[in-house]
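A.B. asks: Based on the sequences and whatever the hints tell you, model everything.
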Amino acid sequence: MAENRVYSAPGDEIETKHPVVVSRYRGFTRLNHWVTALCMIVLLISGFSFFHPSLFWMTGLFGGGQTTRWLHPIVGIVLVASFLLLFLQMWKLNLPRREDVEWSLRIGDLLKGDEEKLPELGKYNAGQKLVFWGMSALIAVLVTTGVMIWEEYFPHLVSIPTRRIAVAVHALAALGAILIFILHVYAAIWTRGTIRAMTRGTVTGGWAFRHHRKWLRELAGRRRTDPSK
Amino acid sequence: MTDERAPEPLTAATNPPLQPLPSNLLASDVVKASATGDLPAPERQLTPVAKLIDVSKCIGCKACQSACIEWNDTHPDLEENTGVYENPHDLTPDMFTLMRFTEYENPETNELEWLIRKDGCMHCADPGCLKACPAPGAIVQYSNGIVDFISDNCIGCGYCVTGCPFNIPRISKTAHVSKKCTLCSDRVAVGQGPACAKACPTKAITFGTKEDMVELAEERVEDLKSRGYDNAGLYDPEGVGGTHVMYVLHHADKPSLYAGLPDDPKISPVVRGWKGPAKTVGLAVAGLAAAGALLHGLFARPNEVTPHEEAEAEELVDETRPEPADKEV
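Sequences listed follow chains A and B, in order. Using our numbering, you'd call the opening residue of the first sequence number 1 and step up by one each time. Using our numbering, you'd call the opening residue of the second sequence number 1001 and step up by one each time.
Rather than coming from a laboratory, the hints here were simulated on the basis of the structure. Source: prediction; values computed, not measured. One thing to keep in mind: the hints can contain errors.
[Unchecked claim] In silico EDC-like cross-links for lysine to aspartate or glutamate, where the CA-CA straight-line distance does not exceed 20 angstroms: (1) A/214 - B/1310; (2) A/17 - B/1310; (3) A/214 - B/1312; (4) A/92 - A/218.
[What the hints assert, rightly or not] Per label pair, the in silico range of CB-to-CB distance: (5) A/153 - B/1238: 34 to 42 angstroms; (6) B/1301 - A/198: 22 to 30 angstroms; (7) B/1301 - A/144: 37 to 45 angstroms; (8) A/109 - B/1298: 16 to 24 angstroms.
[What the hints assert, rightly or not] Not everything, but these chain A residues come out facing chain B in the computed CB check (under 8 angstroms): (9) 17; (10) 51; (11) 53; (12) 151; (13) 164; (14) 165; (15) 190; (16) 205.
Where is the CB? At the ideal position from N, CA and C, for every residue including glycine.
C.D. replies: Encoded structure:
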């Protein structure tokens, strides 16, 4: 059978019908996500400790300033590799679609709790897409500027004036990444029933119906049937 | 050892006191420290000191480099001769000072001038390295003007490199700490002048109170002017609040002639922005976002799936025919 998927990713399927349980993320994707998340948390804490003197004490969590200075860029590289894998799995379903515009314009209804007024969506809403593309862009900026200021291995990669700009842009991009990180974590908690998608890998039918109905419809239409029929 | 502290050195030429004396450069003499808030007001003000390098007297013998290596016990690598006079090729973590040579054809006189400048930390009154440093207490400035790197607190990140307007700090590949001229703070602490000044055979390098050095420089400038160097002058750049290493230059109108000595050094506005408002505003924005999310999370109604929607989902799944049987409907 041809993979005629528009709103769903390979591996997304309806697991049970009564009650409806939908599998949203494969084990590999979940592991990939949590490795990225762990890297991001380590980077945020170590980065924050260099960002402001009042937070320098947090280098103690990693064994002191020298170790933190050594660790931060290495974890950064691990994050880039890990995020790249996530990116390859998710970019297609994060491409903008027509319904994203209307959804974004009616974001107020969502916050008021009138989600039924919003258009039906595929696997991701415009907010999730913003997180995805925002993080992708910022991580690209962070790794580029990060290598430029990586004293241990690339001390002469760029001139000192360029390095000054790189270090400032790195800090600004990191701030952007923190804001997106907060938005991402917050939305996952506020939208009840979301986190299990990244722990157990599944969501309830009601969750899929409420937030990603087109995705659910597509999966319902693709249910495996007995080949002998 | 007596209780009496070492006197403040007034010159590099006189012999130091012979008896062992406790250090006279105390932690309480620190007036600025990297990544540290307000320091307690110092109990005393040390006399500001300075090293004056008279470029017109320098013969390029590199005795200052040898003295520096010997005193600081550094071990610069043996390098290849690449056809330039500089040796080693650049400042390194093991070479805190370097004679830089420039061959300058003076268009006015049509003569070749060999400009030799002893490069090294300028000990700025407003040090860019100290401003950029994220490690508390890794860079300090004493009330006599010496800017010193405290290796125990240094994390080797290289931010001082971005902060310095003179391209001076170098990060050690082995110890992973930043290194530069200390103005022989450990010698000054016990009443002696810097090793380079002591070793200089032509007194091109002199050391003393900043006041005395400015006065000496004025004499030298006057002398140079009388010999036809109309643009002779003192290099004590205002952009960094003045420096505690100063040059007498025959072409003070064009400092960059001397192997790229900055004409108007100052801390880059990028570094000032990054280390100034960006820090506070950034921290506030991140903090507010986190606090806002937390408060909204605690007090706002969560976005919950209703039992009705679960039922609707079951209905939808039941009613949707799988693709192959789609024609019936």
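A.B. asks: All the hints need checking, so say for each whether the structure fits it.
C.D. replies: Evaluation of the provided hints:
no.: 1; hint: A/214 - B/1310; result: 15 angstroms, holds
no.: 2; hint: A/17 - B/1310; result: 11 angstroms, holds
no.: 3; hint: A/214 - B/1312; result: 14 angstroms, holds
no.: 4; hint: A/92 - A/218; result: 16 angstroms, holds
no.: 5; hint: A/153 - B/1238: 34 to 42 angstroms; result: 37 angstroms, holds
no.: 6; hint: B/1301 - A/198: 22 to 30 angstroms; result: 23 angstroms, holds
no.: 7; hint: B/1301 - A/144: 37 to 45 angstroms; result: 41 angstroms, holds
no.: 8; hint: A/109 - B/1298: 16 to 24 angstroms; result: 22 angstroms, holds
no.: 9; hint: 17; result: 6 angstroms, holds
no.: 10; hint: 51; result: 7 angstroms, holds
no.: 11; hint: 53; result: 4 angstroms, holds
no.: 12; hint: 151; result: 3 angstroms, holds
no.: 13; hint: 164; result: 4 angstroms, holds
no.: 14; hint: 165; result: 6 angstroms, holds
no.: 15; hint: 190; result: 6 angstroms, holds
no.: 16; hint: 205; result: 3 angstroms, holds
In this structure, none of the earlier numbered hints is contradicted; all agree with it.
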